[in-house]
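S.K.: The residues making up each chain are set out below.
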Amino acid sequence: MKKPNINVEVHHVTRVEGHGNIYVNVKDGIIEKCEWNISEAPRFFEAMVAGRNWNELHHITSRICGICSIGHTLASLRATEAAMGIKISDQDLKLRKIALHAENLQSHILHLGFLVLPDLMGVGSVIPLASSNPEEVKTVLQLHRLANEMSNLLCGRTTHPQRLIPGGFSKIPSLKELKELKKKLQDSVPKLQAVAELFKSVAPKLPDFQRETEFIALTKPDEYALYDGDIASSDTGKAPASEYLAFTNEYIVPISTAKRAKHARESYMVGALARLNINFDRLSPLAKKTAGMFGLKPVCHNPFMNNIAQLVEVVHSVEDSIRLIDELEAAGLQSQPDYHQPEITVKAGHGVGAVEVPRGILFHDYTYNQKGVCTKANCVIPTNQNHGNIELDLKALLPQVLDKTEKEIELSLEMLVRAYDPCISCSTHCVRVHFV
Amino acid sequence: MKPKVAFFDFAGCEGDQLQVANLEEELLTLLGQVKVVSFREVMKEHSDNYDIAFIEGSCTRLQDEDRLKQIRKNAKIVVAIGSCATIGGINCIRNYKDLDEVRKTVYGENAKLFDTYAARPIDAVIPVDAYVHGCPIDKDEFLQVVKSLLLGKKPDIPTYPVCVECKKNENVCAFERGQFCVGPVTRAGCNSCCVNEGTVCWGCRGLVDNPNENAQKEVLIKNGLTVDDAIGKFRLYFGWQERKR
Amino acid sequence: MDEIFAETKSDPYYFEKRKSSIIIGVNIQKMSKWCFAPFMGCATIEYGYDLMLTDLGNRYAINIGSEKGEELLEKYAKNVTNALARDIQLVGQKKREIMYMSQQKFDFPPELIPELLSKSYEKSAFWENHSEKCLACGSCVLVCPTCYCFDVKDNPDLSLARGERIRTWDGCLLEDFAKIASGENFRATKPTRYRHRYFKKGKYLYDRFGFISCVGCGRCSSNCLPDIANPVSLFNDMYHQIRDKEMLATAATTPEVKIETEGNIDYVPKLATIVKKVPMTANETLFELRLNDGSELGHKPSQFVEISVFGIGEAPISLSSPPTKKGTFELCVRKVGNVTSKLHTLNVGDEVGVRGPFGTGFDADFLKGKDLLFIAGGLGIAPLRSLFNYVLDNRKDYGNVILLYGCKEPRELLFSSELLALKNRTDVEFKNTVNWCPENEEWAGNIGVITTLIPQVDFDPEKTWTIVCGPPVMYKFVIADLKAKKVPDDHIILSLERRMKCGVGKCGHCQINQIYVCKDGPVFNYSKIKGVPEAL
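Protein chains in written order, with the numbering used here: chain A, 1 to 436; chain B, 437 to 681; chain C, 682 to 1217.
If you're looking for bench data, these hints aren't it; they were derived computationally from the structure.
Some hints could be false.
[Said to hold, decoys possible] Partial selection, computed: residues in chain B whose CB lies under 7 Å from chain A:
1) E461
2) R476
3) E481
4) I529
5) R530
6) R613
[What the hints assert, rightly or not] When the alpha-carbon atoms are kept at most 27 Å apart in a straight line, the in silico DSSO-like pairs for lysine-lysine are as follows:
7) C:K957 / B:K604
8) C:K860 / C:K1211
9) B:K658 / A:K371
10) A:K205 / B:K438
11) B:K480 / A:K395
12) B:K480 / A:K33
13) A:K404 / B:K480
14) C:K700 / B:K590
15) B:K604 / C:K714
16) B:K438 / C:K814
17) B:K512 / C:K1016
18) B:K589 / C:K1023
19) A:K138 / B:K440
20) C:K1023 / B:K512
21) C:K957 / B:K589
22) B:K604 / C:K814
23) C:K698 / B:K658
24) B:K653 / A:K371
25) B:K589 / C:K834
26) B:K604 / C:K698
27) B:K590 / C:K958
28) A:K200 / B:K480
29) B:K589 / C:K1016
30) B:K533 / A:K371
31) A:K182 / A:K289
32) B:K589 / C:K860
33) C:K1016 / B:K590
34) A:K407 / B:K480
35) B:K509 / C:K1023
36) C:K1023 / B:K440
37) A:K347 / B:K533
38) B:K604 / C:K1016
39) C:K1023 / B:K438
40) B:K471 / C:K1023
Ideal placement from N, C-alpha and C gives every residue a C-beta, glycine not left out.
Starting from the given sequences, assemble the full structure and let the hints guide the process.
M.R.: This is the structure:
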């Protein structure tokens, strides 16, 4: 067989959030270059929050990402609350967990329906699917709408949620509204079923590719950790979230405006698959069943299955939200005044908030002086933590697809990147900044 | 003939494009009136032949200017969506810090590899025909602007401040609750959404055309904010607009 | 509010709501520090409610104000008993106590407010000082119980073929309240808008209806962030500034305008079809319309209509054809904003909406037998043509007729062939001029502003009525030249322009003092408005 000469340059990979490039050069069958390169304009968020007040940080850091806004806001709030010793009520804790579920639901459905499904159905985008498969597209849109309604109810809106404030919520839903939400969630289960069936029918298109990888995610003994927990590595075990730096070890790569991370190996993976691999038995019953439909169980080293892991998490988020609303109902919902502003005693301190957002584990680390002004900040974004793994996966996948056409190779590489559901504009910000 | 539309993004969080995706079923109706030929986040296909270009995100590097100018050449109508594109947005906070310092401390010795300059709205680089303000945009306002463009009329964007909407929504004024709000100098059109949710207006839609900034700062200080914090509030979103004035 | 919405033509939507509303009042129990209702005669009231409650400690006394109120009690309040004499006495006592609760204090009798205002219009330093901190946020007008100005907008749905026309609240302190499509803003600065609010409440409505339109609730004061909205402190300041310099007397004012109601306002447009479209210049096109139901518009010369381009909005356009032209009517439309630009893209056979005719128009009967001097500047020729052509159609009823027309440059000449034909008539004198002529164009006629034509014609100021219409800036100069020729004030008739929205004097946008341009004008006799500030 003739040794291939392949030059693939995917400039600004489509159907991912943010701008990333794949550069591949193969000469006479020898891989000379295989790079995953970020060209997104750097945002300098840590520079922006330095010098701002404790009650502004969550508003600013929410703007790191439009899709994981709720996650960034919660990580930010947890860091501030940890730094100043602010406690939140059990009720607020549950409400925040439901908010995070709403985000997971919204992001995963968007990713699966709009960004991944077209590849599996052989089209360029969801737009032609609207004509060829109207029922399926409608179901996806309805689930997406439900997720948005959930975020609106809990947080005010999906992107840049206003209700999430230090110490709790500025406004909470009424019990009646929560019950109505629960009904909608329960009614959505058949729709979830339909989406699962749809993916089952096209799942064979997902390459059967394995590369042993370290996985890192939050973990808790009694629940599928999303809002809080310890950091766990599939290789080494767990540690408190405040020790995250020992796990992330961010470093700069000259070709890329985004940093990378490594721990026990050259790179590691975070995200739905990592969470599933580490916390599988704490998934909700229906979620486990869904995983069973695809034969997905720990430890799975196929990054393409991150998509299926997201589908499983969608089911889990719906079921777990129903459980949380049941608990709120049982305890009785304490009302609070409109325009609620929790009493906060401002003090100096340092705190870390670690939260699982749809794409993986997110860290916000703040230091405050006694006036409540932020002097130092660090954010480690899930996608940054994945960049190294993406490149190594690309390098491992490439030889396996070299015998295909250039178009097919391009598609396989893009599908790999898309499977990670990267959020690139979040990931281009920066390292610890010493200011003030 | 349906007009062809394309979406582009620069330095932003892509939250505004998400709002377009959040139109859900209305997106399908909208697709009945326009043809989307380029929307990198959602579709593979791309075409340089478009009538209306929607641009999200600020211009933060010299190299972004070329891309913007190219879009302006290709499009008949350019619409800036989201605060980063319309007024510079949150990205302008760092304009007040020494940019070399910022780059060095962020990227260390590699700083020179990372080109940046003062973040700015896209109309600082190319002429813009319509604006959809907000961080994020309101999807109904987005539809209203699109409908206006399709009907050939200038979109009806308010020139009055958020207070008008707050009063219509019967909100309790932030200052009466001991909080600090920049609504009186911020452009309305969001239906005072943040105050409705129990907080204050942060100014994400930018200053009105003729804001009485001194009066507003006086109000903030009179109610107990320090001078530094009042200035800080204006720098959150108004960083670029203030410098221009 | 009832009087305002009933005046001349009544607003059916308002009265529908009014009819189906129940008004239950509660007498004041606690008074905020800003409230000054006792001074405005509004702290307690004897009528206008269906039920009025007074808190007597452990029970409420209920005054029944209407049959509706009585029925309400019978149906829903079973444990209501007749009041005892003692209760009635207590109510009276409570009401007297209310009169002393106010923490605000007027330094003068509040009945003097209209008088004070009439002496303060020109005091610009006063208004500038008081409005310096104004944020134009609209809070004061939006919380005011007697404010009612509104705006109307078209909201198409995504099909672009259907939609809604919505009425929303508006406020005169907002920057663009008095702005028209060409960009001209008749109250562009904060002091002028700030002043307008006090004048509207304290003088204009008083002159028109006989009451001061402020109930003294104090909401404006409590909601004004820079704290500049308190009418009490403003009027006190005004009083002190005036007091030493002038004598003050309470003059009774008879409203200048008659309040009669002649039917309902029609907010819903009729459909009309474009039957002819003649572009005249780069920006102006003459449209000929016919009402779809075949009826005659029935207008007086130079009234105006509100043209709807559905989905875009409505715009006021003066009628350019005389009422003697039957079957159709003509509008000369300049392309300047959303509605007019869209109108220019429509063609013969397309439909638009028409409301009206509105406005006073010219009184063609009154002018019979008199000599007429028409002075038209720029687009002003369009409405004047309506009267002018009517005069020509009834030529023998009028004396000498002169038409002077000036425009900026030759290519902006409107109705050129029609006007040129006038030169062949012996029964009218026609002169026109351009301000300047570009080098590459030919122009054999007069060059100079419109006033250069006035010395070129002979007319008897005693027997001649002058009819003037043109851009705002023109009036001052033309009137000065006419006065120099000894034309009496009441022989000068003008047509003014403002932002006109509802066309029936309700939405507040076109208001100049107590005059609504859409209803009391746009045609005015100069003698009536020469003293009215803001008019010219």
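S.K.: Against each hint, give a clear statement of whether it holds in the structure.
M.R.: Status of each hint after checking the structure:
1. A distance limit of 7 Å between C-beta atoms decides the matter here; for E461 (chain B) the minimum to chain A is near 6 Å, and the interface restraint holds.
2. Interface hint status for R476 (chain B): upheld, as the beta-carbon distance to the closest one in chain A is roughly 5 Å, under 7 Å.
3. This hint holds: E481 (chain B) has a C-beta 5 Å from the nearest C-beta of chain A, less than the 7 Å allowed.
4. For I529 (chain B), the suggested interface contact is upheld, since its CB lies about 4 Å from the closest CB of chain A, less than 7 Å.
5. Restraint check, R530 (chain B) versus chain A: the minimum CB separation of about 5 Å is within 7 Å; hint holds.
6. At a threshold of 7 Å, the smallest CB-CB gap from R613 (chain B) to chain A is about 5 Å, leaving the interface hint in force.
7. Between K957 (chain C) and K604 (chain B) the alpha-carbon distance is near 44 Å, which puts this suggested pair outside the 27 Å criterion.
8. The hinted pair formed by K860 (chain C) and K1211 (chain C) meets the criterion: a straight-line CA distance of about 23 Å does not exceed 27 Å.
9. Between K658 (chain B) and K371 (chain A), the direct Cα distance comes to roughly 20 Å. Compliance with the 27 Å bound is thereby established for this hinted pair.
10. Taking the CA atoms of K205 (chain A) and K438 (chain B), the gap is about 35 Å. The hint is violated against a cut of 27 Å.
11. The straight-line distance between the Cα atoms of K480 (chain B) and K395 (chain A) is roughly 23 Å, inside the 27 Å bound, and the hint therefore holds.
12. Proximity of K480 (chain B) to K33 (chain A) is assessed by CA-CA distance (about 24 Å); at most 27 Å being required, the pair is judged to hold.
13. Using a Cα cut-off of 27 Å, the hinted pair K404 (chain A) and K480 (chain B) holds, with the two alpha carbons roughly 20 Å apart.
14. The suggested pairing of K700 (chain C) with K590 (chain B) is violated, with an alpha-carbon distance near 39 Å, which exceeds 27 Å.
15. Under the criterion of a C-alpha separation no larger than 27 Å, the hint pairing K604 (chain B) with K714 (chain C) is consistent with the structure, at around 24 Å.
16. As the CA atoms of K438 (chain B) and K814 (chain C) are separated by approximately 49 Å, the hinted pair breaks the 27 Å bound.
17. Pair hint K512 (chain B) plus K1016 (chain C) holds up; C-alpha atoms about 21 Å apart against a cutoff of 27 Å.
18. A C-alpha spacing of about 7 Å is found between K589 (chain B) and K1023 (chain C), which places the hinted pair at or below 27 Å, so the restraint holds.
19. Of the pairs offered as hints, the one joining K138 (chain A) and K440 (chain B) holds, with about 24 Å between alpha carbons and a cut-off of 27 Å not exceeded.
20. Between K1023 (chain C) and K512 (chain B) the CA atoms are separated by roughly 18 Å; this keeps the pair inside 27 Å, and the hint holds.
21. Distance restraint check for K957 (chain C) and K589 (chain B): the Cα-Cα separation of roughly 24 Å lies within the 27 Å cut-off, and the hinted pair is therefore satisfied.
22. A C-alpha spacing of about 23 Å is found between K604 (chain B) and K814 (chain C), which places the hinted pair at or below 27 Å, so the restraint holds.
23. Note on K698 (chain C) and K658 (chain B): the hinted pairing is violated, with a Cα-Cα distance of about 42 Å set against a maximum of 27 Å.
24. The suggested pairing of K653 (chain B) with K371 (chain A) holds, with an alpha-carbon distance near 21 Å, which does not exceed 27 Å.
25. Straight-line distance between C-alpha atoms of K589 (chain B) and K834 (chain C) comes to about 13 Å, which keeps the hinted pair within the 27 Å bound.
26. About 19 Å separates the Cα atoms of K604 (chain B) and K698 (chain C), which keeps this hinted pair within 27 Å; it holds.
27. Taking the CA atoms of K590 (chain B) and K958 (chain C), the gap is about 24 Å. The hint holds against a cut of 27 Å.
28. Only pairs whose Cα atoms come within 27 Å are accepted, and K200 (chain A) paired with K480 (chain B) is accepted, the gap being roughly 23 Å.
29. A hinted pair counts as satisfied when its Cα atoms are at most 27 Å apart, and K589 (chain B) with K1016 (chain C) qualifies at roughly 12 Å.
30. Distance check on the hinted pair: K533 (chain B) and K371 (chain A) sit about 21 Å apart at the alpha-carbon level, within 27 Å; holds.
31. Distance hint between K182 (chain A) and K289 (chain A) is fulfilled; the C-alpha atoms sit about 21 Å from each other, no more than 27 Å.
32. For the given pair, K589 (chain B) sits about 17 Å from K860 (chain C) by alpha-carbon distance, which is consistent with the 27 Å threshold.
33. For the given pair, K1016 (chain C) sits about 13 Å from K590 (chain B) by alpha-carbon distance, which is consistent with the 27 Å threshold.
34. A C-alpha spacing of about 13 Å is found between K407 (chain A) and K480 (chain B), which places the hinted pair at or below 27 Å, so the restraint holds.
35. With a C-alpha separation of about 26 Å, the suggested pairing of K509 (chain B) with K1023 (chain C) holds against the 27 Å cut-off.
36. Only pairs whose Cα atoms come within 27 Å are accepted, and K1023 (chain C) paired with K440 (chain B) is accepted, the gap being roughly 21 Å.
37. Proposed proximity of K347 (chain A) and K533 (chain B) is supported: the alpha carbons are some 25 Å apart, at most 27 Å.
38. Annotation: proposed proximity of K604 (chain B) to K1016 (chain C) is violated, straight-line Cα distance about 34 Å (limit 27 Å).
39. Between K1023 (chain C) and K438 (chain B) the alpha-carbon distance is near 19 Å, which keeps this suggested pair within the 27 Å criterion.
40. Simply put, K471 (chain B) and K1023 (chain C) have alpha-carbon atoms about 23 Å apart, close enough for the 27 Å limit, and the pair holds.
In this structure, the earlier hints numbered 7, 10, 14, 16, 23, 38 are contradicted, and the remaining ones agree with it.
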